[in-house]
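Here's the letter readout for the chains.
Protein chains: 2
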Amino acid sequence: MLPRGRPRALGAAALLLLLLLIGFFLFGGDVECERGERGGERRGPGSFPCPLTPRVSADGRPRGAAAVDGDPSADRGGRNRSDCVPPRPPLPKCELLHVAIVCAGHNSSRDLVTLVKSVLFYRKNPLHFHLVTDAMARNILEMLFHTWMVPAVRVSFYDAEELKPQVSWIPNKHYSGLYGLMKLVLPAALPPELARVIVLDTDVTFASDIAELWALFAHFSDEQVIGLVENQSDWYLGNLWRNHRPWPALGRGFNTGVILLRLDRLRQAGWGQMWKLTATRELLTLPATSLADQDIFNAVIKEHPGLVQPLPCVWNVQLSDHTLAERCYSEASDLKVIHWNSPKKLRVKNKHVEYFRNLYLTFLEYDGNLLRRELFGCPSPPAAEAEQVQRALAQLDEEDACFEFRQQRLTVHRVHVTFLPHEPPPPRPHDVTLVAQLSMDRLQMLEALCRHWPGPMSLALYLTDAEAQQFLRFVEASAVLSARQNVAYHVVYREGPLYPVNQLRNVALAQALTPYVFLSDIDFLPAYSLYDDLRASIEQLKLGSERRAALVVPAFETLHYRFSFPSSKAEVLALLDSGLLYTFRYHEWPQGHAPTDYARWREAQTPYRVQWAADYEPYVVVPRDCPRYDPRFVGFGWNKVAHIVELDAQEYELLVLPEAFTIHLPHGPSLDISRFRSSPTYRDCLQAVKDEFHQDLSRRYGAAALKYLTALRQPRSPA
Amino acid sequence: MLPRGRPRALGAAALLLLLLLIGFFLFGGDVECERGERGGERRGPGSFPCPLTPRVSADGRPRGAAAVDGDPSADRGGRNRSDCVPPRPPLPKCELLHVAIVCAGHNSSRDLVTLVKSVLFYRKNPLHFHLVTDAMARNILEMLFHTWMVPAVRVSFYDAEELKPQVSWIPNKHYSGLYGLMKLVLPAALPPELARVIVLDTDVTFASDIAELWALFAHFSDEQVIGLVENQSDWYLGNLWRNHRPWPALGRGFNTGVILLRLDRLRQAGWGQMWKLTATRELLTLPATSLADQDIFNAVIKEHPGLVQPLPCVWNVQLSDHTLAERCYSEASDLKVIHWNSPKKLRVKNKHVEYFRNLYLTFLEYDGNLLRRELFGCPSPPAAEAEQVQRALAQLDEEDACFEFRQQRLTVHRVHVTFLPHEPPPPRPHDVTLVAQLSMDRLQMLEALCRHWPGPMSLALYLTDAEAQQFLRFVEASAVLSARQNVAYHVVYREGPLYPVNQLRNVALAQALTPYVFLSDIDFLPAYSLYDDLRASIEQLKLGSERRAALVVPAFETLHYRFSFPSSKAEVLALLDSGLLYTFRYHEWPQGHAPTDYARWREAQTPYRVQWAADYEPYVVVPRDCPRYDPRFVGFGWNKVAHIVELDAQEYELLVLPEAFTIHLPHGPSLDISRFRSSPTYRDCLQAVKDEFHQDLSRRYGAAALKYLTALRQPRSPA
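Order-wise, the sequence lines are chains A and R. The letter at position 290 of the first sequence is residue 289 when you use numbering that gives the first Met the number 0, and the numbering goes up by one with no holes. The letter at position 439 of the second sequence is residue 438 when you use numbering that gives the first Met the number 0, and the numbering goes up by one with no holes.
Hints listed in this document are in silico derivations from the structure and should not be mistaken for laboratory results. Keep in mind it's a predicted model, so treat the numbers as computed, not measured. Errors might be hidden in some of the hints.
If several chains are the same, the list does not tell them apart, and a pair holds so long as it fits within one copy or across any two.
[To be verified] Listed next, the in silico EDC-like pairs over lysine to aspartate or glutamate satisfying Cα-Cα at most 16 Å (straight line):
1) K275 with E386
2) K541 with E94
3) K541 with E652
4) K92 with D333
5) K689 with D629
6) K123 with D333
7) K275 with E658
8) K92 with D629
9) K689 with D531
10) K706 with E94
11) K275 with E141
With the sequences and hints as input, model every part of the structure.
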């Protein structure tokens with residue numbers, strides 16, 4: 000309960016602290032403070048300065064916490080920071096720690112992932128993340144955590160939209176907009192039974208166990224409700240330029256990148272009223288906040304200094320040129336949390352920034368799958384889906400020659416949808432999304448694809464965490480790709496030896512937002528006019544509710560490296576005739592596309608129906624709610640055929656479009672394909688999987704499935 | 000000083016220890032042992048059990064250390080392991096820690112790198128590595144550490160060959176051979192002024208700061224000379240099979256994967272004699288060691304139990320199925336060091352192994368460049384080369400549009416030569432090594448190249464640490480590549496935005512071991528007979544000391560994806576005539592190879608001389624001591640031209656071989672090339688670099704360089 004009479008309360012607080020300090024230094028021994036020095040030795044690993052010890056400044060500069068630690072005698076002559084270290088914080092074993100983060104948009108979502116990776120790397124406690132998100136971030140993070148399945152991690156989402164009214168009245172010049180004000184409403188927004196929470200900005204990276212930070216709650220006096228590290232820039236000193244008027248703060252003020260909140264006490268103290276009162280008053284004379292909620296926190300603290308427990312600077316090392324920050328990390332041997340609040344570009348000359356950069360890069364590129372490990376000594380029940388997967392995996396026979404196939408099929412890949420900023424396309428009645436999947440070695444195709452297809456795309460990329468960063472840089476460096484807002488890239492994180500081609504297609508398909516989809520492959524460039532033509536055809540043919548059909552886009556290939564893309568059907572025919580173009584896989588596997596009846600296509604001027612035949616795998620346009628691809632087909636071989644079988648079994652008409660075409664460009668075999676084809680068990684396992692697929696078909700379609708079984712049994716030349 | 004009269008000394012030691020133990024538990028407080036429990040709370044981060052507390056075994060099983068900790072009263076009723084924790088070890092700030100590792104061969108060298116990465120990740124102290132190596136490991140590791148330039152790391156090498164005589168008399172059944180016995184001779188081999196050292200096996204991974212391990216030296220009594228963790232298998236209990244006779248040991252014995260050695264005391268105690276005596280005696284009844292030096296250490300310790308200080312099990316968690324190891328890590332919350340001494344394959348069902356695997360993979364794939372950071376608070380002078388590089392980098396102008404070019408040129412890349420097992424080719428007078436460079440996207444070419452060229456190859460691969468592991472698996476999975484012993488792969492670790500093509504070529508060139516080299520590119524497949532033909536031509540033409548020349552292998556290209564490789568010059572001519580083959584880059588940049596005079600080549604039956612012309616960049620065979628490639632050319636463009644200019648300036652004759660040919664296969668543009676060509680400053684910077692190159696030429700060759708300058712200035716169509 001915060002005292003009403005402030006000066007008296009401050010005095011009482013100061014006296015209490017004085018007594019505590021005296022108590023520490025007289026009787027402390029190993030009860031509160033641990034001496035880090037023995038016989039001249041100066042440093043022990045893991046020691047860090049007592050938060051209550053005022054920092055020794057050579058210039059006697061007043062510190063933000065001066066009003067709290069008012070007693071200079073606490074700084075006993077000559078004792079320096081390494082003298083006094085808090086006791087190793089005694090947390091209850093496996094205590095659940097709570098972390099709250101405000102996160103909006105695609106870019107912050109990526110930053111949050113890096114932050115979470117760094118937290119997970121060092122943590123030994125179960126964690127509960129409370130994420131205040133906009134719709135985009137929620138979409139991404141919900142899917143990500145769901146597929147990540149990290150043991151002993153729980154995630155709750157809070158809708159930022161609902162909280163906006165509470166802060167929308169505050170003018171904010173900071174680029175974070177309304178989201179930058181939301182930490183203020185956390186005591187109200189978070190569950191009332193939640194007493195304590197650590198609040199983090201997304202641009203923070205951990206270099207230590209978050210339990211050590213949580214343990215600092217133990218140092219709060221009864222009045223203290225918020226733990227913060229001093230701000231390491233001169234902003235709040237107000238002398239940066241001539242008319243610089245920052246919000247009020249104690250000395251340098253505090254930085255809100257890392258916050259310890261006693262939610263229970265804040266609520267009891269009427270926090271909601273408190274900050275609104277302060278903000279309203281300040282806004283009478285200041286036009287807006289410049290640093291979002293940090294300004295308001297500092298103004299409140301200026302009024303009520305007893306609220307704040309200053310934290311050691313190592314818990315929020317703010318990247319800046321300022322000597323204050325450098326003093327923090329030149330004295331401390333342990334940096335705990337790095338805060339990337341500097342816009343400076345990192346050049347090789349600044350060696351401290353090199354250290355930070357390396358730490359950040361470590362987690363940026365760190366394989367998130369490696370963080371799925373159990374907590375030792377804190378067994379927690381696995382999530383339901385995780386348990387299901389584990390059970391299924393446990394049933395696999397390790398000696399089975401096709402073990403890898405079956406294991407890959409059961410693998411739940413971590414998925415980060417809309418990895419890059421993406422604008423959902425405006426709703427249009429016959430709109431089509433191009434759906435495809437790829438990995439690093441096909442990034443080259445993206446620019447060409449963008450030139451050929453102006454419409455929306457949903458692309459699944461099978462990447463490692465490190466490759467995802469390369470991909471990010473690739474898109475940022477490409478003018479063509481950066482300009483496109485309607486191409487959605489979904490990263491599916493690599494795991495397992497075999498290429499989960501149909502799982503990738505299903506991710507891209509599920510993320511498509513238009514009523515129709517064009518199911519393509521990454522090595523094909525569609526006709527320049529295809530996007531428009533397809534929408535016209537969809538409308539004419541009344542594809543969808545009135546007509547269950549799959550529109551076939553005839554597929555061709557060129558073997559020539561230098562190839563002038565045809566701009567009309569007539570040019571396609573000319574190229575076919577001159578041998579510069581072939582129907583797709585004409586030489587090795589004509590049955591893949593022969594049922595398209597290219598001879599008829601030459602002459603056709605209206606769409607015509609074709610019949611399903613064995614091994615037919617055309618590229619089709621279907622309504623988005625079509626059957627999914629069958630994920631039992633991993634690696635390569637038959638993964639599209641099975642889908643067309645499914646469409647045919649569900650009585651989709653196969654209609655070939657007379658003006659449409661798509662052309663395959665030559666490319667070297669991918670590493671994944673080579674690896675797959677060199678596997679000795681490939682053929683046998685593919686056959687086993689096909690058989691299982693057909694058994695499924697029989698179960699689901701009864702007699703109608705007979706046609707496919709018969710076709711399967713017919714001998715034909717191998718792929 | 001070890002007592003001469005052993006029983007009496009043992010008694011004295013035990014009494015002393017007893018007194019010390021009593022002292023600890025009565026007066027210790029925070030002087031020696033820190034209580035980890037307060038009010039029911041059981042665990043604090045970083046706590047670990049006192050090494051001197053006998054481990055509580057429910058079954059009363061005797062422990063290896065029984066003879067040392069003979070006093071059961073040390074185990075005060077009901078006190079369990081978490082009660083007693085040693086004090087945070089107070090190391091002098093920035094104390095230099097010494098680590099010794101025995102490492103022989105290519106595979107152990109890779110393991111050592113992973114171990115070192117894990118040590119560097121957590122360390123805060125300067126380190127000095129003492130590496131006992133064979134010639135291959137020395138070759139690799141010397142270059143690696145030299146190019147790695149990690150601050151505050153020093154490396155000394157000790158020749159295993161010289162130490163072999165000291166152990167070669169010991170029969171050893173373990174696969175490690177003589178190298179597995181060398182830890183025994185470390186007190187003699189390491190510098191006499193070195194008092195303490197940590198000794199590690201290469202299959203060990205750190206999960207903590209090595210300073211904590213070093214600090215355990217403080218727990219040695221005056222007699223103790225060696226710190227070890229108990230062996231976590233039943234091997235030394237001797238009951239594994241019917242006639243199983245292990246070497247003598249105390250109980251379960253100790254595992255020598257992690258050792259603390261007091262070298263000073265060992266030498267004083269006459270360690271050399273001591274172990275030899277013991278080994279000789281045991282070898283009277285045992286045929287050989289089974290576990291190499293571990294057997295001998297255990298036998299000595301059995302005789303002199305007072306020598307050993309048992310270390311907590313967390314410092315050497317040995318992967319095995321045994322309950323003993325599981326008890327170690329199910330009770331401890333902190334595993335410090337993982338020892339991969341299990342041959343078991345890792346399947347998804349064993350969740351503890353999953354934890355270990357993830358830790359191991361973390362460091363296996365960790366970007367070693369990120370470990371180049373300075374130590375905070377322990378400034379150390381950079382190595383001379385590092386300082387030079389830093390100074391040069393500091394002189395660069397960040398605002399220079401070509402900053403990236405210049406920075407890339409100065410970048411010292413970490414290099415791991417002979418990444419995979421490699422047999423140096425036997426010396427042959429006219430032998431030629433094919434030299435090329437590549438990155439991940441060209442791995443496909445390797446098998447084809449191996450089929451075309453049976454001779455030695457030296458290939459530089461530009462990879463990240465993670466890609467290097469993929470590459471390793473790729474080669475292991477390929478029958479063709481695994482079979483070849485004369486292909487040397489050198490990994491140059493990626494760093495910087497631009498492709499350091501000439502630095503890569505120089506690495507491959509420097510590592511070639513034959514008197515001649517064929518300077519090729521990865522996308523070219525040489526004629527099947529080229530290897531034999533070149534050696535014949537080299538001999539005939541007396542290439543080398545008698546004749547300074549570069550033998551030109553004419554270059555062609557096919558644009559066709561399906562291409563039947565010609566097996567003779569006649570077939571090449573036929574393909575040229577039918578338009579399935581072209582001279583290389585015939586369409587876009589004919590001047591690159593036109594001076595080869597293909598018209599003359601058609602008819603030629605003997606080698607003929609050609610003249611240098613602007614932009615000429617043929618593929619040549621030269622003596623190995625030819626000029627290096629100029630590293631200022633990064634990215635793409637002119638990097639081979641400059642080299643040919645250099646050859647010509649040094650008056651190498653250009654002789655075209657009449658029967659030789661090499662053919663370029665089509666491939667998509669690499670990510671690196673796309674990135675490069677999309678850079679807006681590319682052309683300007685390339686021109687700037689060319690100009691500097693020519694200025695250099697003028698300086699070195701005077702008037703003779705005029706010809707190149709003139710050629711440079713002539714207008715011609717751009718690439």
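Hints violated by the structure (listed by number, smallest first)
1, 2, 7, 8, 9, 10, 11
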